[in-house]
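Going by UniProt numbering, the sequence shown opens with residue 1, and the numbers climb by one from there.
No lab work stands behind these hints: they were computed from the structure.
In this text the structure is predicted, and so the values were computed from the model without any measurement.
Ideal placement from N, C-alpha and C gives every residue a C-beta, glycine not left out.
Some hints here could point you the wrong way.
Using 27 Å as the maximum straight-line C-alpha spacing, the simulated DSSO-like pairs for lysine-lysine come out as follows [as the list claims (entries may be wrong)]:
no. : residue 1 : residue 2
1   : K104      : K131
2   : K6        : K57
3   : K78       : K6
Quick list of simulated restraints, FRET-style, between CB atoms [stated by the list, open to error]:
no. : residue 1 : residue 2 : range
4   : P141      : I61       : 22 to 32 Å
5   : E143      : S71       : 18 to 28 Å
6   : A80       : I31       : 19 to 29 Å
7   : K57       : K22       : 25 to 35 Å
8   : I96       : E135      : 43 to 53 Å
9   : I31       : A69       : 27 to 37 Å
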Amino acid sequence: MELILKEDVVNLGYKNDIVTVKSGYGRNYLIPTGKAVIASPAAKKMLAEELKQRAHKLEKIKKDAEAVAESLKDVSLKIATKVSATGAIYGSVGNIQIAEELAKLGHNIDRKIIVVKEAVKEVGHYKAVVKLHKEVSVEIPFEVVAEEA
Numbered sequence: 001m002e003l004i005l006k007e008d009v010v011n012l013g014y015k016n017d018i019v020t021v022k023s024g025y026g027r028n029y030l031i032p033t034g035k036a037v038i039a040s041p042a043a044k045k046m047l048a049e050e051l052k053q054r055a056h057k058l059e060k061i062k063k064d065a066e067a068v069a070e071s072l073k074d075v076s077l078k079i080a081t082k083v084s085a086t087g088a089i090y091g092s093v094g095n096i097q098i099a100e101e102l103a104k105l106g107h108n109i110d111r112k113i114i115v116v117k118e119a120v121k122e123v124g125h126y127k128a129v130v131k132l133h134k135e136v137s138v139e140i141p142f143e144v145v146a147e148e149a
C-alpha cells in the first residue's frame with residue numbers, strides 16, 4: 001500500500017515522502033491517526049505541486065537544521081545516574097535524559113528526534129544521534145558516570 005506521509009514517522013519516513021507499507025499498518029494506524037493519506041494519482045500531483053511551491057521554504061528549514069547541527073557538533077555530555085556496586089545502572093539512560101542534559105546546556109531538542117542505538121545499562125561512553133532533518137543529523141557522544149552520594 002502506497003501512502004504519502006503527512007508528518008515525520010520514526011523508522012518509516014519524513015513528511016511528504018511516498019512510502020510503501022503493509023495494508024494493516026496503513027489502514028489501522030497511519031491513516032486513522034492522520035499521519036498519512038493514500039497515494040492516489042491525484043494526491044501525488046497535489047504533492048508535487050505543493051513541493052514545488054515550498055522548495056524555498058524547505059531550503060530554509062534545512063539551513064536552520066544545519067545551523068543547529070553546527071552548534072551541537074562539539075557538544076559532549078556527562079550524565080550522572082545511580083549505579084550499583086557492580087557498575088550497572090538502575091534502569092537505563094535514554095533519549096529523555098539526553099534531551100534534559102542538552103536543555104541544561106541551552107539546546108532545546110525534542111526528545112523524539114534523539115536516537116540511542118544501543119541499550120545504555122552500564123557506566124561508560126556511548127553515542128546518540130540527533131536527526132534534525134532528513135538530510136541533517138549529528139552524533140553526540142555522552143558518558144554515563146556514577147552519581148556522587
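Cross-check of the supplied hints:
1. For the proposed pair K104 and K131, the alpha carbon gap of about 19 Å is at most 27 Å, so the pair holds.
2. Our distance criterion of 27 Å between C-alpha atoms is met by K6 and K57, whose separation comes to about 17 Å.
3. Between K78 and K6, the direct Cα distance comes to roughly 36 Å. Violation of the 27 Å bound is thereby established for this hinted pair.
4. Look at P141 against I61: about 26 Å separates their beta carbons, and that is inside 22 to 32 Å.
5. The supplied range of 18 to 28 Å is met by E143 and S71, whose beta-carbon atoms lie about 20 Å from each other.
6. The hinted window of 19 to 29 Å between A80 and I31 is violated, with their beta carbons roughly 44 Å apart.
7. Checked against the hint of 25 to 35 Å, the C-beta distance between K57 and K22 comes to roughly 32 Å, which is consistent with it.
8. Distance hint check for I96 and E135: the Cβ-Cβ separation is about 26 Å, which falls outside the suggested range of 43 to 53 Å.
9. Here the CB-CB span from I31 to A69 is close to 33 Å, well matched to the stated 27 to 37 Å.
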